[in-house]
Amino acid sequence: MKKKIYLGHKAQKRFGQHFLKDPHIIKDIVSLINPKSEENLVEIGPGLGAITEAINQKINSSFTVIELDDSLVQRLRNHPTLSNKLIIYPTDATCFNFARLIKKNKKLRIFGNLPYNISTPLLFHLFKFHTNIQDMHFTLQKEVGDRLTAKPGSKAYGRLTVMVKYYCQQILPLLNIPSTSFFPEPKIDSVFIQLVLHEKSLNSENNLIWLDKLCRNGFNQRRKTIRNCYKELLDIKAFKTLGINPDMRPENLTLEEFIAMANWANLNCKLNN
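All residue numbers for the sequence shown refer to this note's numbering, where the first residue is 1437 and numbers rise by one.
Keep in mind that the hints were calculated from the coordinates and are not lab data.
None of these values were measured; they are calculated from a predicted model.
Hints are supplied without guarantee of correctness; some may be wrong.
Listed below are the simulated DSS-like cross-link pairs for lysine-lysine, each with C-alpha atoms no more than 30 angstroms apart in a straight line [claimed, not checked]: (1) K1463 <-> K1601; (2) K1457 <-> K1540; (3) K1591 <-> K1578; (4) K1542 <-> K1591; (5) K1601 <-> K1623; (6) K1601 <-> K1587; (7) K1472 <-> K1494; (8) K1649 <-> K1673; (9) K1472 <-> K1539; (10) K1494 <-> K1463; (11) K1601 <-> K1472; (12) K1578 <-> K1667; (13) K1601 <-> K1706; (14) K1472 <-> K1521; (15) K1667 <-> K1591; (16) K1540 <-> K1521; (17) K1472 <-> K1578; (18) K1673 <-> K1623; (19) K1578 <-> K1649; (20) K1649 <-> K1457; (21) K1540 <-> K1636; (22) K1591 <-> K1601; (23) K1623 <-> K1660; (24) K1564 <-> K1539; (25) K1578 <-> K1601; (26) K1540 <-> K1587; (27) K1667 <-> K1623; (28) K1673 <-> K1564; (29) K1564 <-> K1649; (30) K1591 <-> K1676; (31) K1623 <-> K1649; (32) K1649 <-> K1706; (33) K1472 <-> K1564; (34) K1564 <-> K1543; (35) K1601 <-> K1676; (36) K1539 <-> K1587; (37) K1521 <-> K1542; (38) K1494 <-> K1457.
Using the sequences and the accompanying hints, generate a full structural model.
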């Protein structure tokens, strides 16, 4: 059985570790992030430091990294050129309070090669801090990238698509990354994607709760008509008022239609926690 050891570190399956090794891809990623010294930079999952080192060469200020693997944290702390440049948080990014990193007049610029097993829950967690984030640049499995950019009616279109479109004014795949660029080599290809967030929240908190509720309920029954999916919330008169065909399926609704239903529900329905 081939040992999954790279640069003296054994890749941990429980952390979903696949280390980027292609220097050309690394160079392209850093160029696309385009970091500046005065920015509030945060890397999630620096791993063995491939992107971290390249970012460090571009700026003359310290920046933040969040790493869960204790052995990799120690490597970063002992790194000859990074140890005095990094503010290291040895913790799980999916539970981390990113509000701790907020600086006056400096929104967060977050980037990283995300472990495949946390990419979706991490995105939803990060959106809790959306008003404090400028943009995010992530390497994701291609399947997740396809879901982020999916169109209504497509197989990949779902709750993640709608919520990402709600929070982000721009969702842009920038670079396709073959599986051979990583060690150990994953079974799927990846994509490097840019997410630029809206500067302000588009709706009230209650409207947002309704939006997420409608997405969850709808995409769990994506082949039903919306009159059946949401029969306890919206009647035919409500759909007519909103100009939405009740015989549509959730997978065919646009973000704007989901928002319209959420706004209506917030005004006319009781929200049960």
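Next item on the list: Given the hint that K1578 pairs with K1601, test it: the Cα-Cα distance must not exceed 30 angstroms.
Entry: Distance ~17 angstroms between K1578 and K1601 Cα, so the pair holds.
Item checked: Given pair status - K1667, K1578, alpha carbons within 30 angstroms -> Status violated; Cα separation ~35 angstroms.
Margin query: Would the hint linking K1649 and K1457 be met if the CA-CA limit is 30 angstroms?
Written below: 40 angstroms, violated
Check: Between K1578 and K1649, does the CA-CA distance stay at or below 30 angstroms?
Finding: 26 angstroms, holds
Notebook entry, point to check: Do the alpha carbons of K1472 and K1539 lie within 30 angstroms of each other, as the hint requires?
Noted result: Holds, because 15 angstroms separates the two Cα atoms, which is no more than 30 angstroms.
Checklist line | Given pair status - K1587, K1601, alpha carbons within 30 angstroms | finding: Holds: K1601 and K1587 sit about 11 angstroms apart, inside 30 angstroms.
Notebook entry, point to check: Going straight from one Cα to the other, do K1564 and K1539 come out at no more than 30 angstroms?
Noted result: 17 angstroms, holds
Check: Under the criterion that the straight-line Cα-Cα distance not exceed 30 angstroms, is the pair K1601, K1623 satisfied?
Finding: Since the Cα atoms of K1601 and K1623 sit roughly 28 angstroms apart, the hinted pair holds (cutoff 30 angstroms).
Next item on the list: Verify the proposed pairing of K1457 with K1540, using a straight-line Cα cut of 30 angstroms.
Entry: Not OK: K1457 and K1540 at ~36 angstroms, beyond 30 angstroms, violated.
Checklist line | Agreement of K1494 and K1463 with the hint, judged by alpha carbon distance not exceeding 30 angstroms | finding: 11 angstroms, holds
Check: Between K1623 and K1660, does the CA-CA distance stay at or below 30 angstroms?
Finding: 33 angstroms, violated
Check: Given the proposed pairing of K1623 with K1649, does the C-alpha separation stay at or below 30 angstroms?
Finding: 33 angstroms, violated
When the structure is compared with the earlier hints, violations turn up for hints 2, 4, 12, 18, 20, 23, 26, 27, 28, 31, 36 and for no others.
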